[in-house]
Amino acid sequence: MHLSKRTTGLLTAAALALLAGCGGAGVPGSPAGPGAAAPPGRPHTTATAIAPDTGTGPLPGMPPTLDPRDVYAAARPGRLSPAVRGFPSRVYVPNTLSGTVSVIDPATYRVVDTVPVGKHPQHVVPSWDLKTLWVTNDQGHTLTPLDPATGRRRGGDVAVRDPYNLYFTPDGRHAVVMASLDREVVFRDPHTMERRHTEPAPCHGVNHADFSADGRYAVVSCEFSGELLKVDTRRKEVVARLALPFAGAMPQDVKLSPDGRTFYVADMMAHGLWALDGDAFTTPRLLPTGKGCHGLYVSRDSREMYVPHRGEGSVSVFDFARKRVTKKWWLPDGGSPDMGGVSADGTVLWLSGRYHSEVYAIDTRTGRQLARIPVGDGPRGLAVYPQPGRYSLGHTGVFR
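Just so it is clear: in the sequence shown, position 203 is 393 by our numbering, and no numbers are missing.
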């Protein structure tokens, strides 16, 4: 979700009325009907040949799923990849209005470094191979690479247009930039970030995504037009478009259930989760959670999902088996919990305080607030790193 400074030219009167709840605004679209196909005839550019694909089974090149009943089985406590075992445990917080990343030592709850980055950093994103942290500077049109061994910059910024958010295909072949204002899903080289393919997005405000269990497609949220897209991974093409059945819907984070059957989509204006059958891609149902529902983070045992609500200063705990909220934690002094992640051992949920220039540490066993840590202005998509897992799908850390 973008700050109003980023979207001044796109604001409408209705969106301004909602500013306190969403922290930004977008352009109302003209949603297609549920499951409508994207318009044909879009230009495509690819720089690499793709091997023949039968269209069935897991995405070729994707690491095999460890447990067919749980896509997050590789992200249990203690299962750190050899690639990250030497990295110090840190929390990296991009401060959009300060143009910096605050680096927190989770053992002391103190900021130990402040790294200057580009203009308007939105997310800190672990690379597919786990070796680099990319800071998405959307207004600066750059990515800043950080070295997780030191917490400092690794070379200069890389020119990438409108990088609101960043993902990686499950086979590691492509980085995927969500170019929100350009209305594009851009496939790039995962190391050099050279553009390989540009897919026009037939909606407004592409921002978050997650991939199916077999890696063959992603569900992408469009916050400004209240829609979802289905993107074929191998074809790098939008294959379906779905309007959410709620006036003023503003979808945010997307997360696949552990069993791979359901995509959950946080919606700031509908104040809950959409439960979507990704394969059928038909009209989802709404599950209320709280005001300003934004981020989605799976517990280390894959039983629950933490859902922060920046509009009311709370976190709902969603039970996957029961398909409902079973607990709700309130920050004792209020706040605006936005995006974040879970500690490597699963005991602490870290969330940025979007409108309060702070970060919250919450005990996942009790819901008790452990710390409120002052950081820069406008903290957004913080990354807890390192975390267990074999590879990263991007965003603030989606590991499988």
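In short, the hints are calculated from the structure, not lab data.
Worth double-checking, as some hints may not be accurate.
Cut-off 27 Å, straight-line C-alpha distance, at most; resulting in silico cross-link-like pairs (DSS-like, lysine-lysine) [what the hints assert, rightly or not]:
{"#": "1", "residue 1": "K321", "residue 2": "K309"}
{"#": "2", "residue 1": "K481", "residue 2": "K518"}
{"#": "3", "residue 1": "K481", "residue 2": "K513"}
{"#": "4", "residue 1": "K481", "residue 2": "K517"}
Just so it is clear, the structure is predicted and the values come from calculations on it, not from any experiment.
For each hint, the structure was consulted:
1. K321 - K309: 23 Å, holds
2. K481 - K518: 12 Å, holds
3. K481 - K513: Holds: K481 and K513 sit about 19 Å apart, inside 27 Å.
4. K481 - K517: 15 Å, holds
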